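With the hints as extra help, turn the sequences into a complete structure.
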Amino acid sequence: MKEQPKYDWTIKSENPWFKLDLVNTWEYKDLFFLLIKRDFIAFYKQTILGPLWFFIQPILTMIVFSFVFGKIGNISTNNLPKPLFYLPGIICWNYFAECILKNSTVFRDNANLFSKVYFPRIILPMSIVFSSMVRFFIQLFLFIVILVIYSFKGFQIHLSITILLIPYLLILMAALGQGLGLIISSLTTKYRDLALLVNFGVQLLMFSTTVTYPLSAAPNNFKFLIELNPMTTILETFRYAFLGQGTFSITAILYTTVTTIIIFLLGIILFNKVEKNFIDTI
Amino acid sequence: MTNTAIKVENVSKSYIKGAISTGTLSRDIEQKIVSIFNPKKQLALKQDANLVWSLKDINFELKQGEALGIIGKNGAGKSTLLKILSRVTTPTKGAIKGNGRIASLLEVGTGFHPELSGRENIYLNGAILGMKRHEIKKNFDEIVDFSGVESYLDTPVKRYSSGMYVRLAFAVAAHLESEILIVDEVLAVGDADFQKKCLGKMGSISKGQGRTVLFVSHNMQSIQSLCSKALLLNKGTMQGFGNVQEMINNYMQNQENNISLIDRTDRKGDGKVKVINIHFIDKKTEKITNNLYAGMRLVFDIELASNQFKISSNLEISLGISDQYGNRITLISNKVSGQTLHPLTNGNWSQKIMINHLPLAIGKYTITVFVASGGQIHDWVIDALPFSIESDSYFGELVHTLPTGQGSFYLDFTYL
Numbered sequence: 001m002k003e004q005p006k007y008d009w010t011i012k013s014e015n016p017w018f019k020l021d022l023v024n025t026w027e028y029k030d031l032f033f034l035l036i037k038r039d040f041i042a043f044y045k046q047t048i049l050g051p052l053w054f055f056i057q058p059i060l061t062m063i064v065f066s067f068v069f070g071k072i073g074n075i076s077t078n079n080l081p082k083p084l085f086y087l088p089g090i091i092c093w094n095y096f097a098e099c100i101l102k103n104s105t106v107f108r109d110n111a112n113l114f115s116k117v118y119f120p121r122i123i124l125p126m127s128i129v130f131s132s133m134v135r136f137f138i139q140l141f142l143f144i145v146i147l148v149i150y151s152f153k154g155f156q157i158h159l160s161i162t163i164l165l166i167p168y169l170l171i172l173m174a175a176l177g178q179g180l181g182l183i184i185s186s187l188t189t190k191y192r193d194l195a196l197l198v199n200f201g202v203q204l205l206m207f208s209t210t211v212t213y214p215l216s217a218a219p220n221n222f223k224f225l226i227e228l229n230p231m232t233t234i235l236e237t238f239r240y241a242f243l244g245q246g247t248f249s250i251t252a253i254l255y256t257t258v259t260t261i262i263i264f265l266l267g268i269i270l271f272n273k274v275e276k277n278f279i280d281t282i
Numbered sequence: 001m002t003n004t005a006i007k008v009e010n011v012s013k014s015y016i017k018g019a020i021s022t023g024t025l026s027r028d029i030e031q032k033i034v035s036i037f038n039p040k041k042q043l044a045l046k047q048d049a050n051l052v053w054s055l056k057d058i059n060f061e062l063k064q065g066e067a068l069g070i071i072g073k074n075g076a077g078k079s080t081l082l083k084i085l086s087r088v089t090t091p092t093k094g095a096i097k098g099n100g101r102i103a104s105l106l107e108v109g110t111g112f113h114p115e116l117s118g119r120e121n122i123y124l125n126g127a128i129l130g131m132k133r134h135e136i137k138k139n140f141d142e143i144v145d146f147s148g149v150e151s152y153l154d155t156p157v158k159r160y161s162s163g164m165y166v167r168l169a170f171a172v173a174a175h176l177e178s179e180i181l182i183v184d185e186v187l188a189v190g191d192a193d194f195q196k197k198c199l200g201k202m203g204s205i206s207k208g209q210g211r212t213v214l215f216v217s218h219n220m221q222s223i224q225s226l227c228s229k230a231l232l233l234n235k236g237t238m239q240g241f242g243n244v245q246e247m248i249n250n251y252m253q254n255q256e257n258n259i260s261l262i263d264r265t266d267r268k269g270d271g272k273v274k275v276i277n278i279h280f281i282d283k284k285t286e287k288i289t290n291n292l293y294a295g296m297r298l299v300f301d302i303e304l305a306s307n308q309f310k311i312s313s314n315l316e317i318s319l320g321i322s323d324q325y326g327n328r329i330t331l332i333s334n335k336v337s338g339q340t341l342h343p344l345t346n347g348n349w350s351q352k353i354m355i356n357h358l359p360l361a362i363g364k365y366t367i368t369v370f371v372a373s374g375g376q377i378h379d380w381v382i383d384a385l386p387f388s389i390e391s392d393s394y395f396g397e398l399v400h401t402l403p404t405g406q407g408s409f410y411l412d413f414t415y416l
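As given, the protein sequences belong to chains A and D, one line each in that order.
Here the first sequence is numbered in the numbering used here, starting from 1 and rising by one per residue.
Here the second sequence is numbered in the numbering used here, starting from 1 and rising by one per residue.
Since the hints were derived computationally from the structure, they do not count as laboratory data.
These numbers were taken from a predicted model, which means no experiment stands behind them.
Please note: incorrect hints may appear among the correct ones.
One side of the interface only, derived from the structure: several residues of chain D facing chain A at Cβ under 10 angstroms [unchecked claim]: (1) 92; (2) 97; (3) 115; (4) 297.
A virtual CB, placed ideally from N, CA and C, is assigned to each residue, including glycine.
This is the structure:
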């Protein structure tokens, strides 16, 4: 009887529309961590002020926001000190925007790498989300320091139990940014004009959610539209957790979770579809 | 019995010539809508799309420890095959099965980051190529040793010379611990010494460690010395698979068909004497060859055709040799040596010119032919025939060759 030979692997033309090959990806975990390290080192090696930039950017933005929206625009900050109101929004939005922007150019930026060597492609976008997280944590630390300073000056901190939701909010933001970024990057390999839209699109999108104003200050007939943006729930819950001000509702969190999962899966599906033959089309 | 390492079954790859899509989103949506309402139009579109098969029905099987040389002209599909094997792109049809980890080296230094130090890049590049951290750690000293850059380990690689960069990159790749190694023509980089070192390393990988190697090269010498089997590709189809020498001969013969000069129309002169063809004959074997090497005794066999040529004065036949950058290196001419030729007035004849000890270094050259008599040009073909010197034994076997950038020909020197 002839023995059927067994093979470790097969390369075929079939293109499964959903595949997140976790076993294979896990094999490359060292690459994943090295990519994160690379992004981090490469970022501060090219600058004079180095890691200080992680602080300069949110503080400057916070000052501008306090002046333009707080002083000139007179937009309510729910009776919170302006820095404490704006900073969480800026930090979260920064993280989210960076996930989208960096993921959206992942094919273009790594075309050479993708065309020369195989590794589970998903590692690259995932490493982007995590290396941006390093920056998020540093900025979160900055926020906590400022929060403590304010409490010494007499500001009453309202830490609530929802603070335990912070890791979950972070996961939601990461998945949402990753999903949207992957959708955009998959489409931009075919339609270059989308890439032009992304940069200012993300900037404009910031005003569709509660970075520069509290949800409670929005006119009632627009509130629905603002709440449609899954980032709104994340930002509001984030503020509520640290400052006790903002809106918190389980329904909103459930809505955001479902939306995030859908967008994330769609992003992975599109990414897998494009990744296989992307090299033939560039 | 040894196990199968790679089995390639009916692998084909097609590309769509021209635009993949219309390029803009709105036009694509428009077309989709049209095709929903009018499926016939969609069909027409698909047939119009120009399919180009860059690979067709490739079948072969490699056992563990075999080294396969993939040869073929530019555009034969070698790189496409390597890309499919290294999983950078997928085949359109067919399947590849195999055992063991694959590592591919389509380019040296893929993923090197200029800001990171040599040490950091060793880890990063190793991981990109599929090595685990502990494997890199284990081989770290060996990698550094092989590359010879230990004193620059903590310098960002952007400050490396291109030679150091390539050496470090190859050193990482050479220490991959995969069962199957796929190598594109990466040995074309670096100086001759380092190339030799790389070839030696590759030889020890396949022969010494029993790992399977797939190797693309235009250098027949290295294919011959490294590989136990060869695959000959031509325009995407398999021309042959098996014995290395056989495949190389086939490939050379194929090339020979290309050099027929007779079809060239970009020639000057009255055509009374025309150069039809030029062969290279290795005087040692007395056979026609394309495998030229420095130091060989070479005969240019020039086939000519005369058409009512009147022998009025001395006929001149010259061969001008230029390097790949178009610089004229030397001229072979009977006017220089003062010899008189004996041409035919009508019909085909041949003129042989012998070079005793071919002094050209490894590289690519072209020959320009010039035939004239009494101030009248009969035939003049610029860059009539390309040829390349593949290897070097000017000063005997296994002696160092001229380093890159140190000129293209030898003087017949001896140290006293």
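Hint check:
no., hint, in the structure
1, 92, "6 angstroms, holds"
2, 97, "4 angstroms, holds"
3, 115, "5 angstroms, holds"
4, 297, "43 angstroms, violated"
Hint check: a violation occurs at hint 4 only; the rest are consistent with the structure.
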